[in-house]
Amino acid sequence: DAGVIQSPRHEVTEMGQEVTLRCKPISGHNSLFWYRQTMMRGLELLIYFNNNVPIDDSGMPEDRFSAKMPNASFSTLKIQPSEPRDSAVYFCASSAAGRSYEQYFGPGTRLTVT
Amino acid sequence: LAKTTQPISMDSYEGQEVNITCSHNNIATNDYITWYQQFPSQGPRFIIQGYKTKVTNEVASLFIPADRKSSTLSLPRVSLSDTAVYYCLVGDRPYSSASKIIFGSGTRLSIRP
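Line order of the protein sequences matches chains A and B. Quick note on my numbering: the first sequence kicks off at 1 and runs consecutively. Quick note on my numbering: the second sequence kicks off at 1001 and runs consecutively.
Quick caveat, the hints were computed from the structure, so don't treat them as lab data. Among these hints, one or two may not hold up.
[As the list claims (entries may be wrong)] With the C-beta cut set under 10 angstroms, the calculated list includes, among others, these residues of chain B facing chain A:
hint	residue
1	1013
2	1029
3	1032
4	1036
5	1038
6	1043
7	1102
8	1104
[As the list claims (entries may be wrong)] Example chain A residues on the side facing chain B (calculated, C-beta under 10 angstroms, incomplete):
hint	residue
9	4
10	8
11	31
12	35
13	43
14	48
15	92
16	93
17	108
Using N, Cα and C, we set each Cβ at its ideal position, and we do this for glycine too.
All chains, full assembly: derive it from the sequences and hints.
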């Protein structure tokens, strides 16, 4: 099993640009999570999908952030427009049905917005 | 919402047993206790979960007293590779909402030779 796959691993962009982060969950998992980690705020859950449907997006910081899951094997997190305060490591995680407490995390995308 | 409190950091030496305690005074009846481990530059990794008494797997043991207001993650005979941040989470199973999934600040464990 390849585990959760995220791309790109590193992204450097200028303020105002659109950023799209991608995630491929583990095959067979039906829950997907997007997190953001910074030194100041720690690891924060942004949005939670179950069977491709967003269950809870209360952690999404503002309208500049959006997430989609068009099918069971792909999800995107988009930031438009990006700002320097969005600089962080973004993790995607997935879990099997009924086991959302046991999440498998991807390697993360380190985003730097200048 | 059950809030957790853990020590910010701990130090130990190779070969020692390390116990990390997490306080969760407001734990609900249907809440479970879950621990994750995060190495530098990696995403967190699930270690163990329990509801009451003791749970053991190949990585760690989890001790939960009868009142469930705290829990202790026990790492036997640690090595340098156990240096990581350890997070304690409390929530229902499966999580009924994203608000239950709170990693907090974790405990930064440093193992010395």
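Structure versus earlier hints - violations, ascending order: Going through the list in order, the structure violates hints 1, 2 and 10 and respects the others.
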